[in-house]
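Each protein sequence line maps, in turn, to chains B and C. Counting from 6, one number per residue, gives the positions in the first sequence under this note's numbering. Counting from -13, one number per residue, gives the positions in the second sequence under this note's numbering.
Rather than coming from a laboratory, the hints here were simulated on the basis of the structure. By construction, the Cβ of each residue, glycine as well, lies at the ideal position given by its N, Cα and C atoms. Heads up, some of the hints might be wrong.
[Said to hold, decoys possible] Distance windows between CB atoms, simulated:
{"id": "1", "chain 1": "B", "residue 1": "67", "chain 2": "C", "residue 2": "180", "range": "56 to 62 Å"}
{"id": "2", "chain 1": "C", "residue 1": "53", "chain 2": "B", "residue 2": "353", "range": "40 to 46 Å"}
{"id": "3", "chain 1": "C", "residue 1": "169", "chain 2": "B", "residue 2": "171", "range": "43 to 49 Å"}
{"id": "4", "chain 1": "C", "residue 1": "51", "chain 2": "B", "residue 2": "179", "range": "58 to 64 Å"}
{"id": "5", "chain 1": "C", "residue 1": "53", "chain 2": "B", "residue 2": "365", "range": "47 to 53 Å"}
{"id": "6", "chain 1": "C", "residue 1": "207", "chain 2": "B", "residue 2": "97", "range": "51 to 57 Å"}
{"id": "7", "chain 1": "C", "residue 1": "120", "chain 2": "B", "residue 2": "347", "range": "33 to 39 Å"}
{"id": "8", "chain 1": "C", "residue 1": "180", "chain 2": "B", "residue 2": "126", "range": "57 to 63 Å"}
{"id": "9", "chain 1": "C", "residue 1": "231", "chain 2": "B", "residue 2": "91", "range": "49 to 55 Å"}
{"id": "10", "chain 1": "B", "residue 1": "82", "chain 2": "C", "residue 2": "0", "range": "58 to 64 Å"}
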Amino acid sequence: MFQVKFRQQSFDELLIEVTGNASVDEAVALDRELLNILEAQPLKNVKLDLGGLDYLDGAGIAVIRNFVRNCKKLGNNATLVNIPSGGKRFLEGHESKSFASTGILEGIDEPDVATQIRHGISYLKNSSVDMITFIGGVVDAFWSGLRRSGSIKWEGLAKLFAKAGVDAVPIVLALGFLMGAILAFQAAIQLRKFGANIFVADLVSVSICLEMGPLLTALIISGRSGAGYAAHIGSMQVSEEIDALRVLGIDPILYLVCPRIIAVALAAPCLTMISNIVGIIGGCVVASFSLDITPTTYFNQVRRVLEVSDVMKGLTKSIVFGIEIAIIGCFRGFQVRGGAESVGYATTSAVVTCIFVLTVTNAIFAVLFYYFPRIGVF
Amino acid sequence: MSDNPYVSDISVKNLTAGYAGEIIIRDISFEIPRGKIFAIMGRSGCGKTTLFRAMVGLLKPVSGEIYYGDNKMEPISEQPKMEILRKIGVLFQSGALFTSMTVAENIAMPLLQFTSLPETVIEEIVDLKLELVGLQDAARKLPEELSGGMQKRAALARAMALDPQILFFDEPSAGLDPLTSSELDETIRSINSFMGTTVVLITHELRSVCSVADNIILLDPAEKTIIARGRPDELMQNVSDKRVRDFFRGGLN
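The following block holds chain B by itself, in its conformation from the complex (with noise of 0.2 Å):
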């Protein structure tokens, strides 16, 4: 507890007293104290007499600054008294300082738009420089990984192959089959206003195969694999087991990113086509039970509308996808600077490219298999 005194000690002069602890628990009612009194009275000088202090603390301190500070503003000149020895260091002569600290708790003023968005273009030029030499580097370890034999450890990819393929087996199950079983939902209502309901079969194993199992497939692995490696990665060059590796003389693209794309490669066509097939049944699973539809009937059906170029183009294209993200991922990764958050980042930054760079790259796949329907058919 304290006890603040004060009384008029001269014909323009004020003293107040305080005594007893100013600590950090009692910081808020000595600070409005002071303060009411300061309101209160018309004497320009006021001094603070110090010396009944049994503990001053940290906050106690930066109250007595706050009411230097606001004898300023106040116009009242501060004087302090009978300072205890601990808190002479940051108190004495306080009186006549200018408050340089004021506003350092206020934000740090945002740039104007102009600079923002020169901030924002060199960003991307950047951010592309360092995708492009990134790409340039995998493409020139794989070349080398390539010409000498064995350079590449094919070891790890089993297992690196289980991780992004066969763990996510469940997942693309689950959703393959609810994807291909909403669509057949969603059609069989307008389609039975037609007395179309047969092409549900059409429409399901279409749709499936060409754009949605490649593209649902695609954004599980990038949810599970790509944010995997940029958080691995990351890690790693937090760690420094980046820097260990190519004092190891190997380089770290060779090592952990060429077996990642060629995992993520080899398994997002198996995925696709899991997630085509189920898409399948569940459209099938649908159509039996709110269309009347056999499922003899909808499978022939199937079989007299799908084309295995159909199948093929889907396939291809996962496999461009499946690359992409892995490149995306193990980019991030290698991008992360600093610490934790630095990792965290470059985890949501990779699935954010990710389903932008998937979402660009399935229009552009769109529009070239309309001008050269023979790409993917093999």
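Starting from the structure of chain B, add chain C where the hints point.
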């Protein structure tokens, strides 16, 4: 050991280095004699780690050269010099063990990378190195299962896997208690004296440097370059330069 033709000097010539346009160290030149323990010292922020990273090729210098014997060190990212990398071992500040591998696999890694020894021989070497650092029981453990001191020792075993002629230690005592860190000093000294390994210590730990180092260079954050060099006892006696005096006196008081 000094007549071993493979044990090489390191010479750093007019090295200037930094990050993103900011110069951290400028115009640094020194020679590291073979078979000696050489310490790079200085206050925090003086550029010890920058110098170390440039020396092992992790950082491209702005200007200047680093020679291992007659071999010029190139930045690893541009043109890795296998013959140099083969000869150096590095103990990173954090240990930098590969977390997805067991301790034994970590130590086997450089052997698999640089040699084509049969697996049984590699196993023997791994065993030997683990024994050297006193970690025989930890071979099959993952790095995360080890204490900080054990991780450092495992990393040391990995750094020594290829019997390097030059060993770099980046802040070897960081995060270790005084006893563990003086044990590590003892290990460093014995590696140096038994195998003639040149040791480069990057540290600000005066106690360990004074007990093990043959030569010291002292970097200064304001000057960004070497302000003193010599044997530990010479530098301790140095009274003419206030910065050197403060560094050595201040540290031991």
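Give me the numbers of the hints this structure contradicts, sorted from smallest to largest.
Structure breaks hints 6 and 9.
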